[in-house]
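Peer 1: What follows is the residue order along each chain.
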Amino acid sequence: MQVALSVKDLTKKFGDFTAVNNLTFDVEDGKFFSILGPSGCGKTTLLRMIAGFYQPTGGSIAIQNKDMLGIEPNKRPVNLVFQHLALFPMMNVYENIAFGLKRKGERGNAVERKVNDMLERVGLPGSGSKKVSQLSGGQKQRVAIARCLVLEPSVLLLDEPLGALDAKLREHMKVELKKLQVKVGTTFIYITHDQSEAMVMSDHVAVMNSGKFEQLDTPQNLYSNPSSSFVAQFVGNNNKFAVDLKKNESGQFFASSKNGGLYSLSDSFKLQNSDSFDMFIRPEAIIINPNNTKSTFNSMNADVKAILFDGGNSRLLVTPEKSDQEIIVALPQNRQFDHIKAKDSIKIGWDPEAAVCFEKSEEKIYEDEI
Amino acid sequence: MKMKSKTQKIRWSFFIFFIPVALWLFLLIVLPHLELLRISFLGSGGKGFTLDNYKAFFTEPIYWLTFVRTALYSIFVTMIVLVVSLPVAFYITKISSIRAQGLLMILILVPFWVSELIRVYGWMILLRESGVINVFLVKIGLFKEPIELLYNDVSMIMGLVYTSMLFMIVPIIGVMGSLDDSLIEAAHDLGAKRLAIWKEIIIPYCMPGIMSGSIIVFMLVLGSYLTPKLMGGKNSLWFTEQIYNQIIVYFNWNQGSAFGFLLLLLSSMIIWVALKLTKQDFTKVIK
Ligand SMILES: Nc1ncnc2c1ncn2[C@@H]1O[C@H](COP(=O)(O)OP(=O)(O)OP(=O)(O)O)[C@@H](O)[C@H]1O
Ligand SMILES: [Mg+2]
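Same order as they appear, the protein sequences are chains Z and C.
Take any residue in the first sequence, count from 1 to its spot, add 2: that is its number in this note's numbering.
Take any residue in the second sequence, count from 1 to its spot, add 5: that is its number in this note's numbering.
Incorrect hints may appear among the rest.
Covered stretches of chain Z, as calculated for chain C (at least 3 residues, CB under 8 angstroms) [claimed, not checked]:
1. 98-108
2. 147-154
3. 222-231
Honestly, the hints are just simulated from the structure, not real lab data.
Every residue, glycine too, gets a C-beta built ideally from N, C-alpha and C.
Okay, chain C solo, but in the shape it has when bound (with noise of 0.2 angstroms):
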C-alpha cells in the first residue's frame, strides 16, 4: 500500500514537470510544423493533394542553385570558423593564464550581448562607402577614392563567420580544456613537429567538440537571414531569402513552407553525410 503511493507521488511529480515541456514542444514546434507540412502538399489555390511545390524546388534552376550556393557558402563558412577557432580556443585554454582564461571568454561574449541587427550594422558602419574604414584608408592616401567594400560575397562571409564564431569556440574549448599537457610534450619528445601535434593530437581529441561546433554553426549560418540580407549583394541570394520572398512577398505560403521542409531534410543529409565522412558518432557528439 505505501510503496504504491509513493509511485504514485514519483508519478504526479514527474507529469508536473514533464506536461510543461512537452506541451511547449508540441504546440509550439510540432504543430507549427505540422501544419506546415500540410500546408506544403496543397496546391496553390489552397486545394488538393500535390507535390508540385517540392518539384518546383528541382525543375527551377534558381530555386535549387541558390540552395547549393547557400549550403556551399555554409560549408565554406564552417571551415573557416573552425580553422580560426582552433587557434583561439588552443591558446584560451593552454598558453594563457586561468586570470586572462576568465577575460578573454568575456571578450568572445560580449558582442553576443548585443542583438545580431546592432552588430551587422556595426560591421556596415566600418565598411560602407562613407565608413570608418574607407575614410581612414583615403587619408593616408592608400585609395584615390572610397571603394564599395559592402554588399559583396567577402564582406557576407566575413559578417557569418564573425557572428557564428562563438558557436564553434565555447564547445572546442570544452573538450581541449580536458586535454592533459602531458599528451602534447609526449608527441613533442616523441619526433613530433606543431604540425604532426596538430594533426595527430590535438584534434583528433577534440573531435566530438569539433564536429558539435561545426553541426551548430553550419546550421546557424545555413537558417540565418539578417547577415546574407543587409552584408551580401544583389546576387548573393541566400536560401532563407527565397523562403521569405515565397511567404511574405509572393504569399505563397505553399512554396514557402515546402522550402522550409527542404532546407531542414537537405541540410539534416548534408550533416549526415558529414559525421559518415568523418566517421564520428552521432551519440557521442551531441554530448
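Looking at chain Z on its own, in the form it has when it is part of the complex (with noise of 0.2 angstroms):
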C-alpha cells in the first residue's frame, strides 16, 4: 500500500500554547481516516497546517512522498472541504465546481464534461444552473465536495463537514460519504467531534485529545480495546466507575466502588503510584438475569430506576444494591424484557473481561457523560 500522507513530528505553537503537539502519523492511499476529538483539541490547526495555511512550528508534512514545506495552499494536491463550505455566493453550481479546473488553465469542452460527471457522481445531475443559494443543505455538502474532487486530489480534507446539518441529515449524510468515497476511492481525511460519524465511515480513527493523538485504531479496536480513560469515554456509550483496586492473597485484583459495590477483575495491575482508577463497561456488556456459573462473575441485585426507551437502542438506568451508582443496561433488541418496569428489582452482572480499567485522569470530557 502506498502512503498518501506523511507526518512527522509535527508540532504548531500558538505563542505559548501548544495546539498540536509533536504528531506522526501515516495515511494509506484509499482510506477514510478520521480524527475524532473535543472542541478545541486542535484538529482544525493540524488540518490547515496539512492544506498549507498555517507554517508548522516543528516537523514535516509528506504527500504522496513529496515534503509540503513551504508550499502554497494553491500548489498543494490536497483540498480541504471547510467547516462552513465556503461555497461561492456569487457563482452558480456550475461554476463554483469549475472554478478550481479554470484555475488550472482547462477550457472549453474538457471542463463542461468534467463537471456535469462530478455532478453526476455526488447525485446531482442538471443542478450546475441552480444558484448557491438555492440549494438545501446536504446538497451544498456535496457541491462543496464536488467543488474539491473534480481537481482529483490526492487527499481530500473535511473540516466537520456535517456540523451544520440537523441530526436526520446528519445520518443520511454519512452513509452517502462513505459511499461515495468507496466510489471514488480519494484518500479521505475526515474531522469530526461525533464518534458515530467516526466510527460508521472510517478505515482508520485517531482519538485526538489537547494535541496528541491518544490512539490511533480501527474503530472496532477503539470500541473493544480503548487504550485510555480518554478514549474509553470518548468513543461509544460507557459505564464509568470511580474504584480503589485491591489484591487479594491470590493475586485475584478487585476493584472496589466509591459509591459502594466489589467487583472482581479478570487483568492483573501494577499499582504503583496510586490506587484509584476509573474501571469502565460497555452498557450492552451488562447481562439481566445472567446465569453464569464463573466463579469470577460478577452478579448483584438492582433496581430499576428508569427506563430509556429508544426504539433499537433502549436502555436502562439501574442501580445496585446498598450503591448509588448509576449503570446504563443495554435492552437486548428481541424484546424479552419489555415487562420490566421502573422501581423494579432485577438481577444484573457483567464478566470481569469485559471492563476495562485505567489509572484515574481528572480529565473531563464533557459534565456527566456517561
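Once you've looked at the hints, go ahead and assemble the two chains, each given alone in its own frame, into the complex.
Peer 2: Right under this line is the structure:
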C-alpha cells in the first residue's frame, strides 16, 4: 500500500500555547481516515497545516512522498472542504465546481464534461445552473465536496462538514459520504467531534486530545480495546466507575467502587502511584438475569430507576443494591425484557473480561458524560 | 369605531412626520428645479419658449467639449479612486487587527472634518512654487530651481482623488466586511493565485459597494467646482465652471440652467450605461 500522507513530529504553537503537539502518523492511499476529538483539541489546526494555511512550528508533512514545506495552498495536491463549506455565493453550482479547473488553465469541453460528470457522481445531475442559495444543506455539502473532487486531489480534507446539518440529514449524509469515498477511491481525512460519524465511515480513527493522538486504530479496536480512559469515555457509550483497586492473597484483583460495591477483575495491574482507577463497562456487556457460573462473574441485584426507551437502542438506568452508582444497561432487541418496569428489582451481571480499568485521570470531556 | 380611531391616529402621526420631509423636498429641491427648468426654456431676453439654450450646448464646441472632457476626467478619477480604495478597504477589513481598524477609519475620516476649501489650500501650500515640496527638493539638490507643480491636470486629478476617496472606501468596506475569509481561503485552496482571487472572488463579491461608491464619486467629481478651479490650470476648464460663468459672469440664467439640466441628464445617462455594461441591478446597488 502506498502512503498518501505522512506526518512527522508535527507541532504548532500559537505563542505559548501548543495546539498540535508532536504528531506522527501515516495515512494509506484510498483510506477513509478520521480525526476524532473534542472541541478545541487542535483538529482544525492540524488540517490547516496539511492544507498549507498554517506554517508548522516544527516537523514535516509529505504528500505522495513529496515534502510540502513552504509550498503554497494553491500548489498542494490536497483540497479542503471548509467547516462552513465556503461555497462562492456569487457563482452558480456549475461555476463553483468549474472554478478550480479554470484556475488550472482548463477550458472548453473538457471542463464541461468533468463538471457534469462530477455533478452526476454526487447525485446532483442537472443542477449546474442553480444558485448556491437555492440548495438545501445536504446539496450544498455535496457541491462543496464535488468542487474539490473534480480536481482529483491526492488527499481530500474535510473539516466537520456535517456539523451544520440537522440530525436526520447528518445520519443520511454519513452513509452517502462513505459510499462516495468508496466510489471515487480518494483518500479522505475527515475531522469530527462526533464519534458515531467517525466510527461509521472510517477505516482508521485517530482519537485526539489537547494536541496529541490518544489512540490510532480501527473503529472496532477503538471500541473494544480503548487504550486510555479518555478514549474509553469518548468512543461509544460507557459506564464509568470511580474505583480503588485491591488485590487479595491469591493475586486476584478487585475494584471497590467509591459509591459502594466490590467487583472482581480479570486483568492484573501494577499498583504504583495510586490505587485510584476508573473502570469502564459497555452498556451492552451488562447482562440481565445472568446464568453464568464462572466464579469471578460479577452479579448483583439492582433497582430499575428508569427505562430509557429509544427503539432499537433502548436502555435501562439501574442502581445496584447498597450503592448509588448509576449504570446504563442495554436492552436486547428481542424484547424479552419488555415486562421490566421502573422501580422493579432485577438481577444484573457482567463478565470481568468485559471491564477495562485505567489510572484515574482528572480530565473531563463533558460534564456528566456516561 | 375603535378600530377607525386607531387608524386615524396612525394617519395623523404619519402626516406629522411626512409633511416636513415633503415640504423640504418640495420647497427646496423640486420647486427651484422646476423654476430652473422653466427658465432654461426662455430666450435670452426672458421671453418666449425656445430650445436655443439647449441647442447652444451642441452647436458650440467649447461647451460640449468641456462637458466631454469633464466626463472623461471624472470617469478617470473614479477609476483611480477605485484602484486605490480596494486595497485600502481590504487592508482595513481583512488584515489589520480590530483595534487598528477603528484607528484607520478615523485617519481616513479626519481630513473630512475640515472644509474642502481648507483641504485644497493645504495641497496648494505643499505644491506651489514656493511650497514645501519645492523647497525640500531644491534643498536636497534634485531641482536647480523650484518648478510649478500646481495648476495642471495632474495636480487637479490628485486633488479630486483625494477629496472623493472616502466616499468610495466607506461603501466598499461595508460590503467587504461581510466577505467570509474562508471564501478567500477556499479560492486559494482550489488553486487561485492572488490576481484570480481579486478578480473572481473579492471584486464580484464587493460589486454592490463598488458600484454605489463609483456612482457617488463620479457624481461628486463631475459636480465639483472648487478643486478644479483652484488646482487646475488655465486650460483645464470644468463644466461646472461653465455654468458658473454663465450665471455669475454673463448673468445668463437661462443658459446656465439649461447647462445644469444637461449635466444632470447626461451624467444620469452615463451612470445608466455603466450599470448596463457591468450588468448591475440599480435596486441592488442603492441597498
Ligand atoms: N490563530 C490562532 N491563534 C491562537 N490560537 C489559536 C488559533 N487558532 C486556534 N487556536 C487555538 O488552538 C486550539 C485548537 O484550535 P482548533 O481550531 O484546531 O480546534 P478544533 O479541534 O478544530 O475545535 P472545533 O472542534 O471547535 O473546531 C484552540 O484552543 C484555539 O483557541
Ligand atoms: Mg475546528
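Peer 1: Look at each hint and say if it fits the structure.
Peer 2: Right, here's what the structure says about each hint:
1. 98-108: holds (count 4)
2. 147-154: Three-residue rule met by the segment 147-154 of chain Z, so holds; n is 3.
3. 222-231: violated (count 0)
Comparing the model with each earlier hint shows a violation of hint 3 alone; every other hint is respected.
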